[in-house]
Every structure is written in C-alpha cells, then in structure tokens.
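Be aware that the sequence shown starts at 93, since it is given in my numbering, and climbs by one per residue.
By construction, these hints were calculated from the structure, which means they are not laboratory data.
Keep in mind that the hints are not guaranteed to be accurate.
Stated by the list, open to error - Calculated pairs, DSBU-like style, for lysine-lysine (alpha carbon to alpha carbon, straight line, at most 30 Å):
| no. | residue 1 | residue 2 |
| --- | --- | --- |
| 1 | K266 | K233 |
| 2 | K386 | K266 |
| 3 | K190 | K373 |
| 4 | K134 | K321 |
| 5 | K267 | K383 |
| 6 | K383 | K373 |
| 7 | K267 | K373 |
| 8 | K255 | K267 |
| 9 | K190 | K383 |
| 10 | K190 | K321 |
| 11 | K233 | K267 |
| 12 | K255 | K373 |
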Amino acid sequence: MGVGFLHGVLPEGLSRTYIQTPTQIQVLTTDEILFPADVRMKIESELHVRFSVVVTRDWDSILAHVVSSPGVDLLFLPSFWARTLGSQHLLADVSSLKSRVASDFIGDSAKGDFQFLPFYWMKTSIVGPLNEPFDQFLQNKKENVLFLLADEDLILRHFQIWKEQGIFESISQKKILTLQLDQILTEDARLGAVEGPLLQEPAKSGPHRALLNALLIWGAAIPASSSQKALALDVLDLLTSVEYQQRDLLKTPFNSALSAVNANQIPLQRRAEAVRNLQLKDTIILERKNKDAKTQLRNDFNFIL
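Produce the complete structure using the sequences and hints provided.
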C-alpha cells in the first residue's frame with residue numbers, strides 16, 4: 093500500500109545508509125619501505141581513499157604508466173629517477189609542500205617548478221661483517237659475501253669505478269648479493285660485507301676506499317598525467333607531516349630531508365641539517381636514470397639483477 097509521500101518508506105527501525113566508495117589512488121614505488129602497508133592503512137582511514145600499489149624497479153613500466161593518460165597518481169622513487177622524468181616534463185608541480193623541505197635538498201628547483209618532494213636521504217658505506225674497512229674485507233679469503241643495495245645504477249657505477257681502480261677482479265671473486273632497502277638492518281645482512289648507512293665519517297680515505305660512498309635521496313612525485321593530482325597532494329601533505337615523519341623515521345634506515353623533523357628523539361645525525369657535515373668529495377651522486385643499466389651490468393660485468 094502506498095499513501096502519498098509515505099510510498100516506499102522502509103519498515104520501522106530500518107533506514108538507508110549511503111556509503112561513499114573510497115577514491116582509488118594508483119601508486120608505483122621502487123621500494124616497499126618508501127610507502128609501507130601500515131602507513132598506507134593510516135592514510136586510507138584518514139583521507140577515505142584506497143591505494144592500489146605496485147612495487148617495481150622496471151623503468152620502462154614506470155615510464156609507460158607515467159606517460160599514459162590517465163596515468164598513475166603517485167610515485168615513490170629515488171631523486172635521480174624523478175629528475176629524469178621531470179626533464180621530460182612528465183611530473184606535476186608540488187611547490188605547495190616545498191616549505192617543508194630543508195634548503196639543502198631544494199637545489200636547482202628553487203629556480204623553477206618543484207616537481208620532486210624529497211623526504212629521506214642516506215650516505216652509504218660498505219663495511220665488512222666485523223665493521224672492518226672494505227680493503228681488509230677484500231683481503232680476507234674467509235669472508236666471501238658482499239651485499240650491495242639493489243639499485244642497478246649504483247651497482248653499475250660501483251663496478252665501473254672498481255674496474256678503473258683495478259680491484260674489480262678481486263671483488264668478483266666474492267659472492268655478490270643484493271639487499272632491498274628494508275633488509276639493510278636485518279640479521280642476514282651481517283653475514284657479509286654490507287652496503288648500508290654510513291654511521292661515522294672516516295678520518296681519511298685509504299687508497300681503495302675512494303668512491304665507496306654514495307649520497308642517495310628518496311621521495312615522491314605526482315605524474316602530470318594523473319587524474320587525481322589534488323588528492324595525491326593531500327596524501328603527500330599528510331605523509332610528510334611532522335606527526336607522521338617523527339613517528340616513523342626511526343623505524344627506517346633513513347635520515348630526514350624535512351626541516352621540521354627535529355624532535356628530541358631524532359638523533360642529530362638523522363636530521364636534515366646533518367647533510368651539511370658530510371664529506372662529499374669522492375662520493376657517488378647519481379644525476380640521471382640510466383635506462384640501460386641492467387643491460388650494461390649483464391653485458392659488461394656478467395651480473396644479472
């Protein structure tokens with residue numbers, strides 16, 4: 093029975109509940125640790141979004157997703173990958189968050205669009221399992237495992253330098269394995285020489301220790317082809333907030349590139365300003381993504397990632 097405006101009224105005690113479906117945000121990240129699951133869940137709850145995340149270091153795949161329209165909405169990646177994409181005008185401006193970044197990490201972007209939001213950095217070193225210098229590790233026949241960061245550009249640069257120094261043949265006698273960023277601090281990494289965070293600057297480089305170190309920076313970017321730019325920016329706004337960063341930084345092997353991450357619990361060497369005290373001479377700084385890095389590793393050094 094339908095009577096006027098009462099037609100269609102639900103039985104007493106019931107009501108219609110309209111639930112808005114969370115907006116989906118497509119994410120690509122080169123490393124899981126840059127945008128881990130627990131952080132994603134918190135942001136999903138606060139912003140009422142749903143992340144679809146793919147972890148990949150396939151440059152061609154990332155480039156294809158960035159070029160397509162509509163493309164992926166958010167990228168987490170090394171600075172030199174972002175610089176390469178930005179040089180092709182493939183990234184959106186994120187200058188509304190620029191004030192959060194310490195001036196040391198802004199660089200040339202001060203002159204133009206701010207397309208990459210850095211929030212982590214690390215100066216790396218390679219030490220033996222007993223924290224002995226790298227040259228001592230090479231001479232020790234009993235220690236035969238070398239863990240390098242799983243970054244094809246960095247590995248290629250190491251190999252090229254070691255070949256120039258005449259020590260690559262000795263290094264190639266070791267078993268060379270790779271570590272993801274979230275594996276650096278695990279117990280397994282102590283089974284051999286490990287490339288990881290530099291804990292203390294050496295007093296002076298030895299004859300074979302030059303260019304063992306690298307300065308690496310990670311952060312986020314929004315593709316110009318994204319159909320969810322404003323929402324992606326909201327995600328980065330929340331992710332780089334002091335609350336999020338100071339809560340989670342010490343769970344990672346990284347240092348912060350954000351100026352306000354300076355609470356008492358954050359050690360001085362983990363803060364942004366610590367980069368000013370680094371010795372950067374003979375330090376590897378990667379400027380551009382080498383799309384042929386994996387091929388060169390295979391062809392020139394018989395090394396397959």
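How the hints compare with the structure:
{"no.": "1", "hint": "K266 x K233", "in the structure": "holds, 9 Å"}
{"no.": "2", "hint": "K386 x K266", "in the structure": "holds, 20 Å"}
{"no.": "3", "hint": "K190 x K373", "in the structure": "holds, 28 Å"}
{"no.": "4", "hint": "K134 x K321", "in the structure": "holds, 20 Å"}
{"no.": "5", "hint": "K267 x K383", "in the structure": "holds, 25 Å"}
{"no.": "6", "hint": "K383 x K373", "in the structure": "holds, 26 Å"}
{"no.": "7", "hint": "K267 x K373", "in the structure": "holds, 29 Å"}
{"no.": "8", "hint": "K255 x K267", "in the structure": "holds, 17 Å"}
{"no.": "9", "hint": "K190 x K383", "in the structure": "holds, 28 Å"}
{"no.": "10", "hint": "K190 x K321", "in the structure": "holds, 16 Å"}
{"no.": "11", "hint": "K233 x K267", "in the structure": "holds, 12 Å"}
{"no.": "12", "hint": "K255 x K373", "in the structure": "holds, 20 Å"}
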